[in-house]
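Here is what each chain is made of, one letter per residue.
There are 2 protein chains.
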Amino acid sequence: MKNALDRDIPEQIGDRTLRPFQGAFGTTPTGRKAARPQKTVKLGETKVLKSIEAAIEATGLESGMTISFHHSFRNGDYLVNTVVDACARMGINDLRLFPTALFPVHAPLIEHIKSGVVARIEGSMNGPVGAFVSQGGKLKAPAVLRSHGGRWRAVEAGDVHINVAFVAAPQADPYGNATGIKGRTPCGPIAFSAVDAQYADKTVVVTNDLQPYPVYPFEIQQGWTDYVVVVDEIGDPGSIASGTLKITRSPTRLKIARLAAAAVKASGYLKDGFSFQGGAGGISLATTKFVGEEMEKAGIVGSFAMGGGTRLLVDILHRGLVHVLLDGQAFDLDAIASLRDDETHVLIDPGHYANYDSRGCSTYMLDAAFLGATEVDLDFNVNVNTHSDGQLLHGIGGHQEVAAGAKLTLITVPTLRGRLPVIVDRVTTVTTPGEVIDAIVTERGIAVNPRRQDLNDRFVRAGLPVRPLADIKAEADRLTRPPRKPVFGDEVIALIEWRDGTIIDTVRKVVGWK
Amino acid sequence: MKNALDRDIPEQIGDRTLRPFQGAFGTTPTGRKAARPQKTVKLGETKVLKSIEAAIEATGLESGMTISFHHSFRNGDYLVNTVVDACARMGINDLRLFPTALFPVHAPLIEHIKSGVVARIEGSMNGPVGAFVSQGGKLKAPAVLRSHGGRWRAVEAGDVHINVAFVAAPQADPYGNATGIKGRTPCGPIAFSAVDAQYADKTVVVTNDLQPYPVYPFEIQQGWTDYVVVVDEIGDPGSIASGTLKITRSPTRLKIARLAAAAVKASGYLKDGFSFQGGAGGISLATTKFVGEEMEKAGIVGSFAMGGGTRLLVDILHRGLVHVLLDGQAFDLDAIASLRDDETHVLIDPGHYANYDSRGCSTYMLDAAFLGATEVDLDFNVNVNTHSDGQLLHGIGGHQEVAAGAKLTLITVPTLRGRLPVIVDRVTTVTTPGEVIDAIVTERGIAVNPRRQDLNDRFVRAGLPVRPLADIKAEADRLTRPPRKPVFGDEVIALIEWRDGTIIDTVRKVVGWK
Numbered sequence: 034m035k036n037a038l039d040r041d042i043p044e045q046i047g048d049r050t051l052r053p054f055q056g057a058f059g060t061t062p063t064g065r066k067a068a069r070p071q072k073t074v075k076l077g078e079t080k081v082l083k084s085i086e087a088a089i090e091a092t093g094l095e096s097g098m099t100i101s102f103h104h105s106f107r108n109g110d111y112l113v114n115t116v117v118d119a120c121a122r123m124g125i126n127d128l129r130l131f132p133t134a135l136f137p138v139h140a141p142l143i144e145h146i147k148s149g150v151v152a153r154i155e156g157s158m159n160g161p162v163g164a165f166v167s168q169g170g171k172l173k174a175p176a177v178l179r180s181h182g183g184r185w186r187a188v189e190a191g192d193v194h195i196n197v198a199f200v201a202a203p204q205a206d207p208y209g210n211a212t213g214i215k216g217r218t219p220c221g222p223i224a225f226s227a228v229d230a231q232y233a234d235k236t237v238v239v240t241n242d243l244q245p246y247p248v249y250p251f252e253i254q255q256g257w258t259d260y261v262v263v264v265d266e267i268g269d270p271g272s273i274a275s276g277t278l279k280i281t282r283s284p285t286r287l288k289i290a291r292l293a294a295a296a297v298k299a300s301g302y303l304k305d306g307f308s309f310q311g312g313a314g315g316i317s318l319a320t321t322k323f324v325g326e327e328m329e330k331a332g333i334v335g336s337f338a339m340g341g342g343t344r345l346l347v348d349i350l351h352r353g354l355v356h357v358l359l360d361g362q363a364f365d366l367d368a369i370a371s372l373r374d375d376e377t378h379v380l381i382d383p384g385h386y387a388n389y390d391s392r393g394c395s396t397y398m399l400d401a402a403f404l405g406a407t408e409v410d411l412d413f414n415v416n417v418n419t420h421s422d423g424q425l426l427h428g429i430g431g432h433q434e435v436a437a438g439a440k441l442t443l444i445t446v447p448t449l450r451g452r453l454p455v456i457v458d459r460v461t462t463v464t465t466p467g468e469v470i471d472a473i474v475t476e477r478g479i480a481v482n483p484r485r486q487d488l489n490d491r492f493v494r495a496g497l498p499v500r501p502l503a504d505i506k507a508e509a510d511r512l513t514r515p516p517r518k519p520v521f522g523d524e525v526i527a528l529i530e531w532r533d534g535t536i537i538d539t540v541r542k543v544v545g546w547k
Numbered sequence: 034m035k036n037a038l039d040r041d042i043p044e045q046i047g048d049r050t051l052r053p054f055q056g057a058f059g060t061t062p063t064g065r066k067a068a069r070p071q072k073t074v075k076l077g078e079t080k081v082l083k084s085i086e087a088a089i090e091a092t093g094l095e096s097g098m099t100i101s102f103h104h105s106f107r108n109g110d111y112l113v114n115t116v117v118d119a120c121a122r123m124g125i126n127d128l129r130l131f132p133t134a135l136f137p138v139h140a141p142l143i144e145h146i147k148s149g150v151v152a153r154i155e156g157s158m159n160g161p162v163g164a165f166v167s168q169g170g171k172l173k174a175p176a177v178l179r180s181h182g183g184r185w186r187a188v189e190a191g192d193v194h195i196n197v198a199f200v201a202a203p204q205a206d207p208y209g210n211a212t213g214i215k216g217r218t219p220c221g222p223i224a225f226s227a228v229d230a231q232y233a234d235k236t237v238v239v240t241n242d243l244q245p246y247p248v249y250p251f252e253i254q255q256g257w258t259d260y261v262v263v264v265d266e267i268g269d270p271g272s273i274a275s276g277t278l279k280i281t282r283s284p285t286r287l288k289i290a291r292l293a294a295a296a297v298k299a300s301g302y303l304k305d306g307f308s309f310q311g312g313a314g315g316i317s318l319a320t321t322k323f324v325g326e327e328m329e330k331a332g333i334v335g336s337f338a339m340g341g342g343t344r345l346l347v348d349i350l351h352r353g354l355v356h357v358l359l360d361g362q363a364f365d366l367d368a369i370a371s372l373r374d375d376e377t378h379v380l381i382d383p384g385h386y387a388n389y390d391s392r393g394c395s396t397y398m399l400d401a402a403f404l405g406a407t408e409v410d411l412d413f414n415v416n417v418n419t420h421s422d423g424q425l426l427h428g429i430g431g432h433q434e435v436a437a438g439a440k441l442t443l444i445t446v447p448t449l450r451g452r453l454p455v456i457v458d459r460v461t462t463v464t465t466p467g468e469v470i471d472a473i474v475t476e477r478g479i480a481v482n483p484r485r486q487d488l489n490d491r492f493v494r495a496g497l498p499v500r501p502l503a504d505i506k507a508e509a510d511r512l513t514r515p516p517r518k519p520v521f522g523d524e525v526i527a528l529i530e531w532r533d534g535t536i537i538d539t540v541r542k543v544v545g546w547k
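The listed protein sequences correspond, in order, to chains A and R. Here our numbering is used: the first residue of the first sequence is 34, the next is one more, and so on. Here our numbering is used: the first residue of the second sequence is 34, the next is one more, and so on.
Keep in mind that the hints were calculated from the coordinates and are not lab data. Hints are supplied without guarantee of correctness; some may be wrong.
When chains are identical, the list treats them as one kind, so a pair holds in a single copy or across two.
Said to hold, decoys possible - The calculated PhoX-like cross-link candidates involving lysine-lysine, where the alpha carbons are at most 25 Å apart (straight line), are:
(1) K72 x K83
(2) K279 x K83
(3) K304 x K518
(4) K440 x K72
(5) K440 x K75
(6) K322 x K298
(7) K518 x K330
(8) K322 x K215
(9) K288 x K330
(10) K171 x K147
(11) K304 x K542
The following block holds chain A by itself, in its conformation from the complex (with noise of 0.2 Å):
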């Protein structure tokens, strides 16, 4: 079937019917949420398990089911492998996989992949293990991509049920309070696992810093958590941060980040009580730097900024240009640190900030955002899932939810990486779609998305370089040659769901090259 975007997409995968995506706000959730099997801790039982073994044992871990973990170590992060491996030796199979996101740390998986005991994989998979699986025919199911507040809803609805949450807690008390912003080795919020750990069969947090009750803030909350195993280390802080987290320093980029916060200046949505999202990625990170400056400049006080916290956005709260920070993830150690110590930096969980099964997130309440893309085309959807390659490489973090929300949602990228062209006619996956971006910023130009004239007339007003994206596009093809492009064959690799748990694109097996 055709969903809303023309993407092909099967009626039916294994024992899920597929809903097609229907636009951004085009459906109505009905039915109830899940709901957690009751239990009841009574008094003197304790929680606390010599190892990861014994909590498999305990929580009655078998083969065929799914267990999930966060991903606030990112590339530092060893809990995943640790569990699996253990699976792997205890003679477990068949599993399927739920993390929020994997890194090239988990390449180890690609070997439990082969041997069976990684079954499904239905999370991020950032870097070799989606290389991997985009070689097609490894896991026993389409794996299937959510953004934060996707996957978030997912546990809510019951789509994914849960059989063992293990959540990687760099501190946490013998009850099983745990939290992620202290600790020997802090990495950020661990409220990612917050619904696992809610609507999980069985809940483990795994620390290497066991502290004497109560550990607070409650992330994760005594109540939910069935048993604590003490481990000697979890994961290495200093893996955290990645290379796409320093700001720019090409020019060709600087320039796209400087034109953003000049197209946010003309918008005229900076005012006082001005919201924005500064994303990760070299060009994000600038183009929050720059729009922080022209607050400076024009005496502005914003109401509040949502990150992933990093050192920039700390500093712009530092400043008093915003109000509060919210923050879900940390991608440094400042954010971190600023986390822990300053009241108005403040932590969010993604079904606050991003699900769309709720009463509202925290997005919808944004002015501005800007994000990046590994593709856009001529109607302005983008692609951060994918190269043109059709290799699945990246996750799709919040990227769907900001762009979603934000009043004005700005792409930023180049219109040449290497000698790859970034504006296509088609993308290669679709993540978020044209009808929620506003405009493409690019060192060619600005491209305003047709829906939003009254933004194009503000941008010509300003004196910006406004211009068709077509335009910019056929700038950028003239210095390179058309790029071979893959040749996908029928099986499906993965899911791209929307946040509402509607299908905007599948990822399909590449079988030749045109």
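Assemble the complex: chain A is given as a structure, and chain R must be docked to it using the hints.
Only chain R this time, still in chain A's reference frame:
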């Protein structure tokens, strides 16, 4: 049928089949928690309504439905009366009221009961409403009294389905994030309503201080809130602290408090890491103060203390005698200020601190607690709900959960109140069973529960005046005439739930005197 305390319990009340009390930890829950209907609030939808009447209309509130409230303003609350008055004007009747607690300020409800606007009440009834209901024949069904944790449990378990939750919020934003510890008229934590706001069909936040997005801490979250109403005033914080929140000046009661503190010292629990609950009530407050002095003298640093928060507990925190103060409610303005300003004064909700149907609650981590009673009996059963004349005048509060959890639960009571004996053969109503009470501390000595021979030995070794409870009772009885006793009829005025949802006792209508 008879329950485990030999109290006579009806098998059925209306369409509810009653489960008899089976011991403090006698039941294990089955099935699943309740689940809220799915709903999405989409981009651009607003929540702010002009009046309570508009909210009543928007929520679809109708005759026969259930509405809920928190009691954080205590005797200063305006919202319950305002909403019920509005319902009456709008022709809505047959309501089930589900407040956490009612106070003397809610006496106008009596007229609404008479006129049929309010048909049922499930919640604590402190004072005139309780006295009125005690007369019998007033409500369509017996009142149901639950502890803090028991009420939370009942909502999560689906025992009580709330149609509309009204949440008095001293500060809120237009999207429905709300807190009680900030604003023009802070009342302390409002997280008692968090379970209502998450499970009700519709949630209405009512505030007198609407602030720009985002208001935090998120005691009530935007994702739970359907509507926000701004009114002139929601309550009088000056009425939060009542007469029972001052340290006693009575020499007898001070003697009891000193004896209780000496008992804590002798118990063996008073060492580094010590934790305790210091409730309200003149003797409890004095005991809290004296225990703090003992800690200071001995150079002990405790792990945590729990309130209801008071100036005395805040003082103990500020003096460094405990690392953390956990509070679900505030009993005075000092506690509210401290919750707002002290990072180590941590707000908890009743689910966290007290829920039986959870994977463990904070009271299970307590070493010691000092609680009051209207009556105690020779089986160490405690009554806090009724007076010996059979009048239902008080709620349960956290009495059951604290007593069930603390390793050392002391009931601090004078042997006589006026001419009425406090120690009786059999309490008029059992609120908390003797099995979870460790000792009764009176001005005539300490009676240790025979289950705690270890404690008895320690107290004797420390030279404390340990005596059989029957002896203390006999001594007190000799000083007064036997009071007239009420004769109870068949009509059940109220059910007293144990914290697990079983029925520990009933309150019956007084039909005569003997």
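Please name the hints from earlier in the document that this structure breaks, with their numbers sorted from lowest to highest. Violated hints (numbers, rising): 2, 3, 7, 8, 11; every other hint is consistent with the structure.
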